[in-house]
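Visitor: Below are the chains, spelled out letter by letter.
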Amino acid sequence: MTRIRLLDIAHARSGDKGDTANVGLIALQPQWYDLLREYVTLPAVEAHFKGVIDGPVERYELPNLKALNFLLHGALDGGGTLSLKTDAQGKVYSTAMLRMEIDVPDDAAKRLGVPGYKKQWPAYTRSPKE
Amino acid sequence: MTEQRVVRVASGQGFWGDWLEAPRRQVEGGDVDYLMLDYLAEVTMSILQKQKERDPNLGYARDFVGAIESVLPAVAERGVRVIANAGGVNPPGCAAAIRAVAQKRGVSEKVRIGVVTGDDLLPRLDELIAQGHALANMETGEPLSTVRDRVLSANAYIGSTPIIEALAKDANIVITGRSTDTALTMAPLRHEFAWGSEDWDKLAAGIVAGHIIECGAQCSGGNCLVDWQNIPDLANVGYPIVEGHADGTFVIYKHPKTGGVISVPSVSEQLVYEMGDPRSYITPDVVADFTTIHLEQAGENRVRVFGIKGRPPTDKLKVSIAYRAGFKAVGTLVYAWPDAYPKAQLADRVLRERLDRLGLKFDHILTEFVGVSATHGRLAGESHDPPEVQLRFGVRGGDKAAVERFTRELAPLVLNGPPSVTGFAGGRPKVEEIVAYWPALVDKTVVQTKVEIQ
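These protein sequence lines are chains R and B, in that order.
Here the working numbering is used: the first residue of the first sequence is 1, the next is one more, and so on.
Here the working numbering is used: the first residue of the second sequence is 1, the next is one more, and so on.
No lab work stands behind these hints: they were computed from the structure.
The beta-carbon is built from N, C-alpha and C at its ideal position, and this holds for glycine as well.
Heads up, some of the hints might be wrong.
[Stated by the list, open to error] Below 30 Å or equal to it, Euclidean Cα-Cα: the simulated DSS-like pairs (lysine-lysine) are:
{"id": "1", "chain 1": "R", "residue 1": "K85", "chain 2": "B", "residue 2": "K400"}
{"id": "2", "chain 1": "R", "residue 1": "K85", "chain 2": "B", "residue 2": "K318"}
{"id": "3", "chain 1": "B", "residue 1": "K309", "chain 2": "R", "residue 2": "K91"}
{"id": "4", "chain 1": "R", "residue 1": "K50", "chain 2": "B", "residue 2": "K52"}
{"id": "5", "chain 1": "R", "residue 1": "K85", "chain 2": "B", "residue 2": "K361"}
{"id": "6", "chain 1": "B", "residue 1": "K110", "chain 2": "B", "residue 2": "K52"}
[Claimed, not checked] Covered stretches of chain B, going by a simulated chain R footprint (3 or more residues, C-beta under 8 Å):
{"id": "7", "region": "24-32"}
{"id": "8", "region": "73-85"}
{"id": "9", "region": "216-228"}
{"id": "10", "region": "374-380"}
{"id": "11", "region": "419-429"}
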């Protein structure tokens, strides 16, 4: 198995609705969406955020956008103006999600060219200046 | 030729507090037909209601007056039309302020203001409750009667229809109260292309266009995680523009010679922002299915959006209600290396013990350690003796005196708590009244919007 950090195969944005944070998780390369769909499962995300949020998680698939959407309930200490949290609007749950790691069979990792822990930006954006 | 016709709707403001330069840059950077300005977030209406209580002429987004002044030449000379939900809880008051600025600039005769009202349900709340409208909280199910005496504002989210009516009556500045953010973009597209009220796919496309540009530069390189180190010239970031077509397809682009980026990833990030169930993005006009959206890079800083499906809306409108919900205060102190984190932890324990001995009762106390775990909790992993840690301590409760007393317990720690502490120059934390958000639904039939042309 190859261990992959989501930061290396996906990007994300998060926001709020009341006491719920949403995290949209988007594959950096279109072919990596299958890895997200297969390995970023509801139980895996529930386990990832255990002790960080108080409520259940919902999961939705957006194959056209190569994205998954997660609703993290009870994530914002009451949310909106009630919240005492620095991140009362759930703006950085996005990168908390990208800390998650998944284990992918070696052949799939190789075939899809996943970068492991090495940072790689998608072909359809410009390449970074190293 | 008619099939080639495009309508350009530019986003000039993503929230109340957004970049003051953006509206002018949008009308001066190239040709646009409409300028859309979104000022209202969930809690904005209650802030505006408080301002209106102090001065009945206020209660609207005052930034809008400056924005209009900066774009008046384009409105008066080039026919750019402005649509904004800047009216807040006082659209007529907002219109009066706009009229005054148009007079001051000598273009009053060229300005026709359309004022949309009818979203404000506050004067009718008791009547609605008496008629059996529970206005139950969408998250908790509690009826509104439990907080009725503390309600500050109540506004129905209204759709594109009254905006279209104002445009049809040749208004060139349309001011609404609690219009949905997306209606501000969908309405001009629907008006220009004469989409029917049951052209579900086209209406849904207009809603998706609105969602993409409603947060301003957040789809054009702002707050964009993908390849963030290489997003060019953010100081000069271009705000997004919808180039709409009659068939419901559209292109997101920005003016030439502006910074930022419009790419499939940048637009994707905005599409998933604040998303719920993607199959059901519910608006007053249509339910849009975000799983049907296709994106395609159609040139440099141009993304084509197509394939969107919609279906009929529900018979309800969402209502944004704000109510007084107690008090809070948050204060901070900074602890320095070495052992910054254990020092901050000790300070937290000391503070909690002192508050406890004072017999102060709070509904909630929250401690965060900024630099260690404030935003990611246990996911942040181990910290290795960071150079500094900010202790951030907040309390919340119904007893204002207790919250007030807390604000006097923080500073003493500088001299009578753990060492290597600084960062208290801001003084005591402020006690804030909490105005909380109560989302509810109401039957569409009870809300009648009105359009007045001035």
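Visitor: State for each hint whether it applies.
Guide: Each hint tested on the structure:
no. : hint              : verdict
1   : R:K85 with B:K400 : holds, 20 Å
2   : R:K85 with B:K318 : holds, 27 Å
3   : B:K309 with R:K91 : holds, 29 Å
4   : R:K50 with B:K52  : violated, 43 Å
5   : R:K85 with B:K361 : holds, 19 Å
6   : B:K110 with B:K52 : holds, 29 Å
7   : 24-32             : violated (count 0)
8   : 73-85             : violated (count 0)
9   : 216-228           : holds (count 4)
10  : 374-380           : holds (count 6)
11  : 419-429           : violated (count 0)
Comparing the model with each numbered hint stated earlier shows that hints 4, 7, 8 and 11 do not hold.
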